[in-house]
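**Student:** This is what each chain is made of:
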Amino acid sequence: VTSQIDMFTSGWIGSSTGLAQSVCKEIASGGALHGKVPALVSYIIAFTGRNAPGYCLSDCNANNAGCSPASDLCTKGAAWIRNGFTSTILPMYVQYAKLFAQYCGTTTPIIWEMEPDYYQYFATSTQQGGPLTGAEAANYMSQMIAAVKQYLPNAVFSMDISPWEPGNGCNWYSNFDMTEFTFTATSGGGTLANSANIRSGQNTWAGQHTCSGKPILADTGYGAAGGSAGLDTAWDDATNINARIANGVVSITQYNPTNSSTTVAQWGGILGQIRPNINSVPCY
Amino acid sequence: MAVATARPEDGEPLLAFSSRTVDLTMAFGETASQEVRLVGKLAGAASLRVVTVNPPGPDVAILSAEADKPAGVRVSDVGRRVGYEAGQVTFATGVDDPKELTLLYSRKVPGNLTVDPTNPYLDLRAPEPGVVVRVTSSRKDFQLTRAEILDGPFSARVERAPSGGYAVHVTPAKSAGREGQGEPGPDSQRGFLGKLRLVSNDPAEPNKDLPLFALGPLPRR
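Here the protein sequences come in this chain order: A and B. The opening position of the first sequence corresponds to residue 2 in this note's numbering, with each subsequent residue numbered one higher. The opening position of the second sequence corresponds to residue 520 in this note's numbering, with each subsequent residue numbered one higher.
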């Protein structure tokens, strides 16, 4: 499969400080993914909030598992950012950037996908102390990116897509300095290859692309609680892919592109078969 | 721990700034400032002192309490560079809880140039990979002198755009392509970084740099 792929996604940044060493070993000379571009999802706000004293923040859809009293990123996420940014979140960004610089170097490209569901800290009325304002959200985002760039000049950045943002995210994106981003990205869950909508009843691929002005890195194949949902065969269909390319999608990553009848190697064969029928990505 | 505000979940905060952010917008070369005052039950007891300004840049002045105003701060900055920069200032409060307060600040300096896309992306699997960067200006005397590749396996060419402004064509450099026939090897490099510099007569951004990123194997020479 390695001749068919250009990028890959590992475990998420913030999950383990050993991540950088393992990813960089894979892309080093002799590694299984040598030459490929790591597209790394950075979920540091959420990971650090899970165990922060007084917070115990689960994901908003995780039903406060293990947290007593009940708390999650939709109730105390904004407060965690305000109170933990300087002491915990920003230093963690620095730590991971340093680790990737140490093990991967500072010349080969890395795509750093910023904070899945960052929108939830801005738009959720249940945030105690109030949700982030647009100015706060933009400020924290810019500081996190600057912290990474300081040590990892070879990183390019992607802004998260929360497909439930009203109006395809036009107002949301207008808060940010979008010159800091090369891409936008979906993150976690599943996405629809055969639909104009990213998820059923939610924003459209084309609408998100228009509002952000950025090409889209799509992902799919995440199941319940972040587990694998297996190969999403809809994304192996050249007709679907071409329709999404026309909507601004420039890549697809599958969490675990296998099922009972398809191995990773066979998936590579499928990609090889459909590639001649895939259209060029237009200039962005 | 530095905190942005110390607010009970309901009611008046113990100590906080009247605004969580100071957002300064100014023209290139001009100065802007904004005051924020303390609020909360401890506002009269606090004595502010700057601990850190990160990143350095803005001037931060402590404002004494006045007859009708509690103590506060004034953040001032100069529009040195076009674009957006953000940071934070941490203050010691002089009270036991909270010991510190953090104030977010940002500086936004609008420019004359409009560049689209701002972060050019190239699909190297396209038959003829490349991207066109459209450059326009609000200034009538604007002239784009040249486009230079400062880094990366790219080349750039400038044309006048029929619709006005300029079109900068960025393509993989001829000399950078891979040799041989057929599909690239499984471990060939699939991503490339670069930097494009736009040189113009714009007074605020005579040299404007754009990041370049390309995904896929370099095409054959």
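Hints may contain errors.
Straight-line Cα separation of at most 25 angstroms, DMTMM-like style, residue types lysine to aspartate or glutamate; simulated pairs [said to hold, decoys possible]:
no.: 1; chain 1: B; residue 1: K627; chain 2: B; residue 2: E554
no.: 2; chain 1: B; residue 1: K560; chain 2: B; residue 2: D587
no.: 3; chain 1: B; residue 1: K727; chain 2: A; residue 2: D178
no.: 4; chain 1: A; residue 1: K150; chain 2: B; residue 2: E724
no.: 5; chain 1: A; residue 1: K150; chain 2: B; residue 2: E678
From the structure, some residues in chain A lie toward chain B, with a derived Cβ separation under 7 angstroms [to be verified]:
no.: 6; residue: S4
no.: 7; residue: G36
no.: 8; residue: P110
no.: 9; residue: Q144
no.: 10; residue: N155
no.: 11; residue: P216
Computed footprint of chain A on chain B, listed as stretches where at least three residues anywhere in the stretch have a Cβ under 8 angstroms from a Cβ of chain A [claimed, not checked]:
no.: 12; region: 539–547
no.: 13; region: 589–602
no.: 14; region: 632–641
no.: 15; region: 649–658
no.: 16; region: 670–683
no.: 17; region: 716–726
No lab work stands behind these hints, which were simulated from the structure alone. From the three backbone atoms N, C-alpha and C, an ideal C-beta is built for every residue, glycine too.
**Student:** Each of the hints needs a verdict: does it hold here or not?
**Tutor:** A quick look at each hint next to the structure:
1. B:K627 - B:E554: Status holds; Cα separation ~17 angstroms.
2. B:K560 - B:D587: Between K560 (chain B) and D587 (chain B) the Cα gap is close to 15 angstroms, so the pair holds against 25 angstroms.
3. B:K727 - A:D178: 16 angstroms, holds
4. A:K150 - B:E724: Measuring from Cα to Cα gives roughly 21 angstroms; hence the hint holds.
5. A:K150 - B:E678: 32 angstroms, violated
6. S4: 4 angstroms, holds
7. G36: For G36 (chain A), the interface hint holds, since the closest Cβ of chain B sits about 5 angstroms away, which is under 7 angstroms.
8. P110: 4 angstroms, holds
9. Q144: Nearest chain B Cβ about 5 angstroms off; hint holds.
10. N155: 6 angstroms, holds
11. P216: 5 angstroms, holds
12. 539–547: holds (count 3)
13. 589–602: violated (count 1)
14. 632–641: Since 6 is at least three, the answer is holds.
15. 649–658: holds (count 3)
16. 670–683: Violated: only 0 residues of the region 670–683 of chain B have a Cβ under 8 angstroms from chain A.
17. 716–726: violated (count 0)
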